[in-house]
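K.L.:
Chains as they are written, first to last, in my numbering: chain A, 1158 to 1310; chain B, 13 to 383; chain C, 369 to 726; chain D, 449 to 606.
These are calculated hints, taken from the structure and not from any lab test. These numbers were taken from a predicted model, which means no experiment stands behind them. C-beta atoms are modelled at their ideal positions from N, C-alpha and C, and glycine is treated no differently. Among the hints, a few may not be true.
Every beta carbon over 10 Å from chain C, so not counted as near; a handful from chain B, in silico [what the hints assert, rightly or not]: (1) Val43; (2) His62; (3) Lys67; (4) Ala110; (5) Asp157; (6) Asn215; (7) Met251; (8) Gly268; (9) Ile296; (10) Asp300; (11) Gly314; (12) Gly361.
Here are the simulated lysine-lysine pairs, DSBU-like style, with alpha carbons at most 35 Å apart [claimed, not checked]: (13) A/Lys1176 <-> A/Lys1241; (14) A/Lys1278 <-> A/Lys1298; (15) B/Lys102 <-> A/Lys1299; (16) C/Lys449 <-> D/Lys480; (17) D/Lys532 <-> A/Lys1298; (18) D/Lys480 <-> B/Lys199; (19) B/Lys310 <-> D/Lys536; (20) B/Lys313 <-> A/Lys1220.
Label pairs and their calculated CB-CB ranges [said to hold, decoys possible]: (21) A/Arg1235 <-> B/Gly23: 47 to 55 Å; (22) B/Gly23 <-> A/Met1159: 25 to 33 Å; (23) C/Leu399 <-> B/Asp157: 55 to 63 Å; (24) D/Arg491 <-> C/Ala409: 35 to 43 Å; (25) D/Val575 <-> B/Thr50: 53 to 61 Å; (26) C/Leu399 <-> D/His479: 37 to 45 Å; (27) C/Lys703 <-> B/Thr50: 17 to 25 Å; (28) D/Lys480 <-> C/Arg660: 36 to 44 Å; (29) D/His479 <-> B/Tyr222: 41 to 49 Å; (30) D/Glu498 <-> A/Met1159: 52 to 60 Å; (31) B/Glu290 <-> D/Val575: 31 to 39 Å; (32) D/Val575 <-> A/Glu1191: 56 to 64 Å; (33) D/Pro488 <-> C/Leu464: 41 to 49 Å; (34) B/Glu290 <-> D/His479: 57 to 65 Å.
What follows is the residue order along each chain.
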Amino acid sequence: MMDREHMISCITEWVPGAKAEEGTEWTTLSIPGESWPELAQRLRDEADWQMDFLFCLTCIDWKTHLTMVYHLTSTRHRHILVIKADLPADDAVIHTASHLWKTAIFHEREVFEMFGVRFSKHPDLRLLILPDGWEGRNPMKKDFEDPVNMIRM
Amino acid sequence: MHEVLGTTTDGDLVINVGPQHPATHGVLHLVITLHGETIRKVDPHLGYIHRSIEKMCESLTYRQFIYVTSRMDYLSAHINNHACALCVEKGLQVEVPARAQYIRVLMDELTRIASHELWWGAMAMDLGAFTPFFHAFRERENINDIMEETCGARLTMNYMVPGGVMADIHPNFQKRVKSFIQLFRSKFDEYNEMVTGNIIFQNRMKGVGYLSAEDAISYGCTGPTARGSGVSCDVRKIMPYELYNQVQFDEILETGGDSFARYMVRLREMNESINIIEQVIDNIPEGDYQAKTKAVLKLPKGEFYTRVETARGELGVYIVSEGGTTPYRIKFRSPGFSNLSALDHMARGSKIGDLVAMMGTLDLVIPDIDR
Amino acid sequence: MFSLSGITTALHDWLSGRFSEAWVMLIEMLLAGIAVISFFAILGLVLVLMERKVSAWMQIRLGPNRVGPKGMLQSFADTLKLLVKEGMTPNGADKLLFNMAPVMAMVIAMLLMAPIAFAKDFQLWDINIGVLYISAVSSLSVISILMAGWASNNKYSLLGAMRSGAQIVSYELSAGLAILTIVVLSGSLNMNDIVMAQENGWWIFKGHIPVIIAFVIFIIAVTAETNRAPFDLAEAESELTAGFHTEYSGMKFALFFLAEYVNVFIVCAIGATLFLGGWMPFHIGNWDGFNRVMDFIPSSIWFLGKTFLLIFLIMWFRWSFPRLRIDQLLNLEWKYLLPISMVNILLVAAIAILGWHF
Amino acid sequence: MFLARYIKSIFQAVRSLWIGMRRTGYYFSHHKEIITQQYPDNRETLQLPERFKGEVVMPHNEQNEHRCTGCTACELACPNGTIKVITKFDITPEGKKKKAIDKLVYHLELCTMCNLCVVACPSDAIVMAQTFEHSVFDRNQLTKILNNPGSKIMEGVE
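With the rest of the complex left out, here is chain A:
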């Protein structure tokens, strides 16, 4: 189990551009998208981190940009870390996490179709939930309006 300060100092040392967020329940750090693959590798493999369980992977659409959110924990040390990476809205690309945590295969496919984030080196980046041949906007983005909305009707 690591305390918050130690985690933050460690990561800011590894990733120069990392910024810690204040007032969050769990240690939250914002990193540049390019440094994600190296950081992920270290987080999983370093002996005192061992973040082997990616329990949540999602994306937030802030209209101006997208934010990838990774919730990581360790089944051995039980510490929790939240990593965020901002991506540009028009050309969102980030390195996949699926080679480290296989659960990311499905979660990244979901984010891919729902938010349009492309994951480089993903083994199988296809549509998962949307019907085959879906052409149109990414449904979970804020500017997507469902043509049939029961509640608004």
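Got chain A; can you put chains B, C and D on it based on the hints?
P.N.:
For chains B, C and D alone, kept in the frame of chain A given last:
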């Protein structure tokens, strides 16, 4: 797009299991590649019951969005609602009265038993034994009656509200729960007689769908699926919420990693839930069942995440608030979604009959996967 | 006293008095055909109702109880529904084979009826190789399933048919060996002779443990041969939706359905004939009073009673056990049933030669 | 010993199967255990718990009066847009204008029985009824007007 029909070049057979298929319990669509009877590949195609609950919740207030989550994992509706209520309470920093906490835990555990009962019957039916299904429903019916009496509905109760529960428990509640415990205890041996001990069943389950502990963690499996592989992941133990740090219970772990281990975890969990209920049922404190909250709830700007153990595994509710009355973004990390992603890994090289057994022990609820 | 043989002799005499020999033959054949077909129809209705009631009671349900008194006309209503339904043939199917398969299944089931002795002196065809005939014809039934599975042009059907092929060919062996034990003991292939050989006691009682083992193996093997749970891999509902009859609807489906139940009836009838003494009443040594009371019960009742007892046993299996996997199914046959029945038949041969049976 | 193990495994297998068959056989012969309810026949004796959420209704007393003030709290609380409150202005005997409901339209086809409107109502004007046989041939029949024609607000409800 995908090769859905026909055969592959090396003579393998491509079969669509689902979206309408007796073993998928809903509208799961698996495109499986077969070599004779042996499975080469399983490719799940999801989305047949995708209602985009996450998007829907963005236009609902913090009081309203809870009811929708009953429709995700409809078998543990209470626990889903509970997770959402906890998340909102975390944002509001509301202290839930003790009585409400006791009621919530009781309802959660009853829901867990009901869910496992249904799973047990449905899984036996997947393996071709029809009779256990009805026997499981006999006990489940009692839980449903208890729920109906207190919450007013049998499946999608919407009983949890931010700050507590919607109504006090029914005067008969404790009496009926106790009589249910007695009934359950007296009928539990039948489960072992009819299914667990059966030689055909054991041969169908043992050594089938092996999932190592490393793979279970890597695929993000939680709940009984991971605990069958020996991964300690019960949120009630590692991040206790409500009463769970006050009650005595064991985290059920099996080390087999095969379908039989997952089966045994669920079966033993039913007994463990009964133990929790027995500890709690007589000690419900007097007091309010609901904390005082404002009529219009506004969460402060920020992010809130709660982890809750449902019958299928860890449910995460991630609310991103901009300070308004509705969530800006909400994410449900559903257990079934991650558990399903391990199916391909587990199923390769086994027979079609094994695939059905694996799907049975993963306890897939399709609306939970699709959301 | 009521007896079926009395009716048939009276009918034969009456016809002989009026028509020439050739005409009598023709009319009797026609009557027998009509009797068999109507017997089939009634049998199907009764067995479907029985299965539904048995399953319901085991599953703590009530079962059909709305149509007719106590739901007795339920299967009649179902048949009526199936009759008026459209019998569809899928576009890609091989039309001839597809439509022939259910008829074939039915015809084979009917052929099996011929040498069975339903009551004392009441038999369609007293053939001297009755047992051989039955084991020969019953192995044909796999052809109709293969035809249906292949012609449907559906992958589930094909898989189901292939499973069924492997299954029936394998289980044919141990069923045959189990039947052979009785042939060895009674020294005849004729059904009537086998029944007569059990006049002073049924084989299951006087054949020692080897015959009991043979009986158990026979029951397991015929359950597999008729494609019933726990060996219903050909139509494994949760795996192959409905297996070889996935594409069938209406009357064609009903024929498959009927053929399944008729097959169950026939294998149970054979089991009753070989092991439980056919229409022979239950006798105990020299308790003459008891034996006379038993004799008073008509032989057809004895036969049907024993048959339905075995049918109930097979239904009991179906509603108690989960399904086997295909490799386990073949394991069970080749690693357990076949070796055991081979050793068993040696034992029985020794018993028969040394005359150790009662 | 191979043979001993072989025979033992067969014995155990048969025993486990027999245990299962004994259980189903028990239920086959004990019809008292049957739990089927014969629903349309037992309609007279069917008792639903008083909290059962079947449909939203507005109780009226003998003078055809209800308790609804037309405050639209239920409309706001509803997640699905099930309830529409159409208000009008009544003239009270003192000559003052007073807001009252004209129609309280309830779309049963949209309702999920979540009970939020009943909880939200400040004057307890609507309650959940225990009816559950909601099927109709025409979907329009599911759109209901909860207040009786010509009904008034009860004295003293604000």
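K.L.:
So, for every hint listed, does it hold in this structure?
P.N.:
Taking the hints in turn, this is what the structure says about them:
With a closest Cβ-Cβ approach of about 12 Å to chain C, valine 43 of chain B is found to remain outside the 10 Å limit, as its non-interface label requires. Every C-beta of chain C lies more than 10 Å from that of histidine 62 of chain B, the closest at about 24 Å, which supports listing it as non-interface. Every C-beta of chain C lies more than 10 Å from that of lysine 67 of chain B, the closest at about 34 Å, which supports listing it as non-interface. For alanine 110 of chain B, the condition that its CB be more than 10 Å from all CB atoms of chain C holds, with the nearest at approximately 40 Å.
Distance to chain C confirms aspartate 157 of chain B as a non-interface residue, since its nearest Cβ pair spans about 16 Å, more than 10 Å. The claim that asparagine 215 of chain B is not at the interface with chain C is violated, since a C-beta of that chain comes within 10 Å of its own (minimum 6 Å). No beta-carbon of chain C comes within 10 Å of the beta-carbon of methionine 251 of chain B; the shortest separation is about 37 Å. Against the 10 Å criterion, glycine 268 of chain B stays outside the reach of chain C, whose nearest CB is about 18 Å from its own CB.
Every C-beta of chain C lies more than 10 Å from that of isoleucine 296 of chain B, the closest at about 33 Å, which supports listing it as non-interface. The non-interface label for aspartate 300 of chain B is consistent with chain C: the shortest C-beta to C-beta separation is roughly 42 Å, beyond 10 Å. Every CB of chain C lies more than 10 Å from the CB of glycine 314 of chain B, the least distance being 47 Å, so the non-interface label holds. At roughly 13 Å from the closest C-beta of chain C, the C-beta of glycine 361 of chain B stays outside 10 Å, upholding its exclusion from the interface.
Using a Cα cut-off of 35 Å, the hinted pair lysine 1176 of chain A and lysine 1241 of chain A holds, with the two alpha carbons roughly 10 Å apart. Proposed proximity of lysine 1278 of chain A and lysine 1298 of chain A is supported: the alpha carbons are some 23 Å apart, at most 35 Å. Between lysine 102 of chain B and lysine 1299 of chain A, the direct Cα distance comes to roughly 25 Å. Compliance with the 35 Å bound is thereby established for this hinted pair. Of the supplied pair hints, the one linking lysine 449 of chain C and lysine 480 of chain D holds, its CA atoms being roughly 33 Å apart against a limit of 35 Å.
At most 35 Å may separate the alpha-carbon atoms for a hinted pair to count; lysine 532 of chain D and lysine 1298 of chain A meet this at roughly 30 Å. A C-alpha spacing of about 15 Å is found between lysine 480 of chain D and lysine 199 of chain B, which places the hinted pair at or below 35 Å, so the restraint holds. Restraint check: the Cα-Cα separation between lysine 310 of chain B and lysine 536 of chain D comes to about 32 Å, which is no more than 35 Å; the hinted pair holds. For the proposed pair lysine 313 of chain B and lysine 1220 of chain A, the alpha carbon gap of about 17 Å is at most 35 Å, so the pair holds.
Taking the beta carbon of each, arginine 1235 of chain A and glycine 23 of chain B are about 49 Å apart, inside 47 to 55 Å as hinted. In this structure the supplied range 25 to 33 Å is violated for glycine 23 of chain B paired with methionine 1159 of chain A, their Cβ-Cβ distance being about 54 Å. Taking the beta carbon of each, leucine 399 of chain C and aspartate 157 of chain B are about 59 Å apart, inside 55 to 63 Å as hinted. Taken as a hint, the range 35 to 43 Å holds for the pair arginine 491 of chain D and alanine 409 of chain C, whose Cβ atoms sit roughly 37 Å apart.
Distance hint check: the CB atoms of valine 575 of chain D and threonine 50 of chain B are about 60 Å apart, consistent with the given range 53 to 61 Å. For the hinted restraint 37 to 45 Å between leucine 399 of chain C and histidine 479 of chain D, the CB-CB distance of approximately 42 Å keeps it satisfied. Separation of lysine 703 of chain C from threonine 50 of chain B is about 20 Å and conforms to the stated range, judged on CB atoms against 17 to 25 Å. About 39 Å separates the C-beta atoms of lysine 480 of chain D and arginine 660 of chain C, a value consistent with the hinted range of 36 to 44 Å.
In this structure the supplied range 41 to 49 Å holds for histidine 479 of chain D paired with tyrosine 222 of chain B, their Cβ-Cβ distance being about 43 Å. Between glutamate 498 of chain D and methionine 1159 of chain A the Cβ separation comes to about 54 Å, which falls inside the hinted range of 52 to 60 Å. The beta-carbon spacing between glutamate 290 of chain B and valine 575 of chain D, approximately 35 Å, falls within the hinted interval of 31 to 39 Å. Checked against the hint of 56 to 64 Å, the C-beta distance between valine 575 of chain D and glutamate 1191 of chain A comes to roughly 60 Å, which is consistent with it.
In this structure the hint that proline 488 of chain D and leucine 464 of chain C lie 41 to 49 Å apart at CB holds, the actual value being about 47 Å. Distance hint check: the CB atoms of glutamate 290 of chain B and histidine 479 of chain D are about 32 Å apart, inconsistent with the given range 57 to 65 Å.
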